[in-house]
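Participant: One letter stands for each residue in the lines below.
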Amino acid sequence: AQSVSQHNHHVILSEAASLELGCNYSYGGTVNLFWYVQYPGQHLQLLLKYFSGDPLVKGIKGFEAEFIKSKFSFNLRKPSVQWSDTAEYFCAVNARTGRRALTFGSGTRLQVQP
Amino acid sequence: NAGVTQTPKFQVLKTGQSMTLQCAQDMNHEYMSWYRQDPGMGLRLIHYSVGAGITDQGEVPNGYNVSRSTTEDFPLRLLSAAPSQTSVYFCASSTRSLDGYTFGSGTRLTVV
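Protein sequence lines, in the order shown, are assigned to chains A and B.
The first sequence runs 1 to 114 under the working numbering.
The second sequence runs 1001 to 1112 under the working numbering.
Just so you know, these hints were derived from the structure itself, not from any lab.
Take the hints with a grain of salt, since some may be wrong.
If you only want the chain B side, here are some residues facing chain A, beta carbon under 7 Å, derived [stated by the list, open to error]:
(1) 1033
(2) 1040
(3) 1041
(4) 1045
(5) 1048
(6) 1100
(7) 1106
(8) 1109
Just so you know, even glycine gets a beta-carbon here, dropped at the ideal spot from N, CA and C.
Next up, chain A with everything else stripped away, as it sits in the complex (with noise of 0.2 Å):
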């Protein structure tokens, strides 16, 4: 079965700072890899995905993401945050065969303060 580890619980960041948060997934074949987020007290929307081609992904509201196959990681990445990047971030995975529901990791919670 697969897993996924979130090495940050929490990240305090001025507006302006760089963010990267860490994804590192444990998986023995072929994984599609998302990031979402939870704005506080709603439910989760979809950041970005990589199912294949280009290991750099661009999503939504400035972030990117990185997959390093050689790694097993999928770190998250905006070049400067804003107030309105509070939020709780999860990585996920889903392998491409057998049971392919998808696998969360613990979030990070990002506080972004002005």
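Position chain B against the provided structure of chain A, taking the given hints into account.
Facilitator: Same frame as chain A, now just chain B:
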């Protein structure tokens, strides 16, 4: 609006009571799943379904039942509620290609 609809949004149960959380989607998605979200633990898969008439267990299935009689609906039943089932429950659906899941707005359940 197309999407995943969950009802109710909030529910308080007494220990031992049973209830059903409803989930419906109007996107003709084959894949549906239920997750529970607890602080510091992310979302954990309870049950999932790859199509009408087919369901399977996820990571934390104990105390929950599901059925999938139609493509649109995927209800989650709590047989005998326990305080450990206090959580926020999310339903999600996806196409067969699993290229992106759509989540419902969640049900916040408190068991006292």
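Participant: Quick one: which hint numbers does this structure break? Sort them smallest to largest.
Facilitator: Structure breaks hint 8 only.
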